[in-house]
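**Q** The sequence shown: position 120 = 120 (this note's numbering), numbered continuously.
No wet-lab data here; the hints were simulated from the structure.
There is no bait here: all hints are sound.
Calculated cross-link-like contacts (lysine-lysine; reagent style BS3-like; alpha-carbon spacing at most 27 Å):
#	residue 1	residue 2
1	58	89
2	189	89
3	199	186
4	255	17
5	30	261
6	160	116
7	261	29
8	261	58
9	149	160
The following label-pair restraints were derived from C-beta to C-beta distances:
#	residue 1	residue 2	range
10	185	138	43 to 51 Å
11	36	208	52 to 60 Å
12	17	65	24 to 32 Å
13	62	206	32 to 40 Å
14	58	100	16 to 24 Å
Idealized CB from N, CA, C, for every residue including glycine.
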Amino acid sequence: MESAKFNEWFNRKTITKLIQRDIDKEIKKKKKNSSNLYKDLAATYRNEFFYKNTLFNKYVLGTYSLNTTVALSEIEIDNSKADFALINKRSSFVVEIKTDLDTLDKLIYQIEDYYKVFSLVYVLTSENYYYQVYRLVKDTKVGIMVLTKRNTISVRKHAKADYSKLEHDILFRILRKQEYEDLIKKQFKEVPEVKPIFKYSVYLNMFRHLDIKKAQNLVFNMVLRRINRNNVEYLKEVPMELRWLVYQSHLNQEKFKRLLKNLQGGT
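Input sequences plus hints: build the corresponding full structure.
**A** Now the structure itself:
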């Protein structure tokens, strides 16, 4: 299958191999051909990774900044998994990706789930699917982006904010343990001492008392603390076609330096 040659290179295992102290000849050969392989991917097999990498390069590295933005992928939001989400002080939104390889069967249900955490929801699709998606969401606040044939992202329908469907419980689940503990302790003067096994439910119940818009803002501010300063310093030196994979790998400074050395080294 033609897709195999793309999937073998554009995956997280590739980054793991590229941060080894000594990379093998096969990886060196593929690394040399990485840019050409990405061009082939763009021309013949625009899969979900291609969409995510395009979103990341356009919005996180282009419109916004690595210093102020967190991009997330495959976030569990109630019964769905969001493909891509961007959290920033200026604008936060979630994107459901529908490539030509997907169906639209679950789209409406996915959108309903995403509104429980995000006020702005977009669908990113191809020219081929645009009118089908438009028919489904034309009378809603959902926005539509199109990955054009020139591989640029065009916003065809701007999303409008909807706070009416936000849910405290689903928002709370986005947070890691240390994050929700810090949030509750900062927002409430008195936090009861409870056994660890009861802490989540007690803290969630306190969280439910917050105004829903404030609750969303507090959750997003906690997520923004995840910004990786190593990414800020090094990521733009990574070839464009690998940036999303590298970003998702959460490398420390030592591994980042080794990655760049291996990427820039000869074959």
